[in-house]
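Asks: Each chain, letter by letter, is given below.
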Amino acid sequence: MRTVRIEPLTRVEGHGRVELQIRGGRLAGARIAITESPRLFEGLLLGRSLFEVPALICRICAICSAVHRVAPARPWRRPWE
Amino acid sequence: MRSEKPLRLAYVRFTSCCGCQLTFLNCERELARVAEEFEIVSFDMASSRPDDGGPLDAVLVEGSISRPEELTSLLSLRRRAKILVAVGACALTAGVNALAGGDRAPLCEEVYGETAAGKTTFPPQPLSLFVRVDLEIAGCPPERGEHLKTLGALLRGGLPSSLPEYAVCMECRQRENLCLLLEGKQPCLGPVTRAGCSALCPSFGVICEGCRGMVAEAGRGEEFRLLLELGLSEREVKARMRRFTGVFDENR
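These protein sequence lines are chains A and B, in that order.
Those letters in the first sequence? Residues 88 to 168, by the working numbering.
Those letters in the second sequence? Residues 3 to 254, by the working numbering.
These aren't lab readings, by the way, just hints derived from the structure by calculation.
Heads up, a few of these hints could be off.
Said to hold, decoys possible - Among chain A residues calculated to face chain B with C-beta under 7 Å, some are:
| no. | residue |
| --- | --- |
| 1 | P95 |
| 2 | E100 |
| 3 | L133 |
| 4 | S136 |
| 5 | P141 |
| 6 | A153 |
These numbers come from a predicted model, not from an experiment.
All C-beta atoms in this analysis are idealised placements derived from N, C-alpha and C, irrespective of residue type, glycine included.
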């Protein structure tokens, strides 16, 4: 069995690699490894105001930044509903 | 004037979100010209070409350093490149990454589970802590124009002039915007933030959050007082003003 390693993953946000296992010319298995450095947004949000959250976590990923910005603003409505 | 051989350029990133690289990729009108003038040796967001490991005329580096592997890679880039440009808040001050400093091990385990135990990570650091940085491009994200200005200067064998030494308010007033802080009663950080973005956010009615870092001789005390007057708690004012000062905030 032969393993093809594709590293780094390109045209995507984040560091990672793909490993393809080839047996007899056919794909026998595929694995993805995320080698991204931890940024620990889960921790840096603790103790912060609800209103600060969108501006912080939109920095998780530049490609889907808009979604990260809008989603955490949704709970803003709840306390007044 | 075109140089005879295209300049060898790499754009790499460490602990960050790819936003700086993406900003450059969004310079769509200019990319063809860039491709003519530069040989792009490594640019993961744009190309799958494997890095040949050879010498570089310039390297743009996005992100902060938070793992030993990243440090090794940064040192190698510094050896290979004549000019190293730090791009964006993460590279300059560790940016929002720095907010998750301190003891990262318990948090890593909580987020990534037991497999995180074998991984070494340290509080994110700016590039200038480890290597000589020839030019800094501020912002989160930085401006497209600053990328292009830098590449243009590189083609002429130099570097662009340094960052503006005045506050975002200056550019905001030039654009005749309503003041979000005094008239809009919102916690805008324009008065203490380094300009260069043409007051992009305030021009869209969004407060400045200070992503380009503090301006020289910033009136921090006065800004602090103005934000408190808006009804924000002391804790929140501090948190907002420190969001992008990264590891360089002496009051952390």
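Asks: Each hint needs a verdict: does it hold in this structure or not?
Replies: Checked hints:
{"no.": "1", "hint": "P95", "in the structure": "holds (6 Å)"}
{"no.": "2", "hint": "E100", "in the structure": "holds (4 Å)"}
{"no.": "3", "hint": "L133", "in the structure": "violated (9 Å)"}
{"no.": "4", "hint": "S136", "in the structure": "holds (5 Å)"}
{"no.": "5", "hint": "P141", "in the structure": "violated (11 Å)"}
{"no.": "6", "hint": "A153", "in the structure": "violated (12 Å)"}
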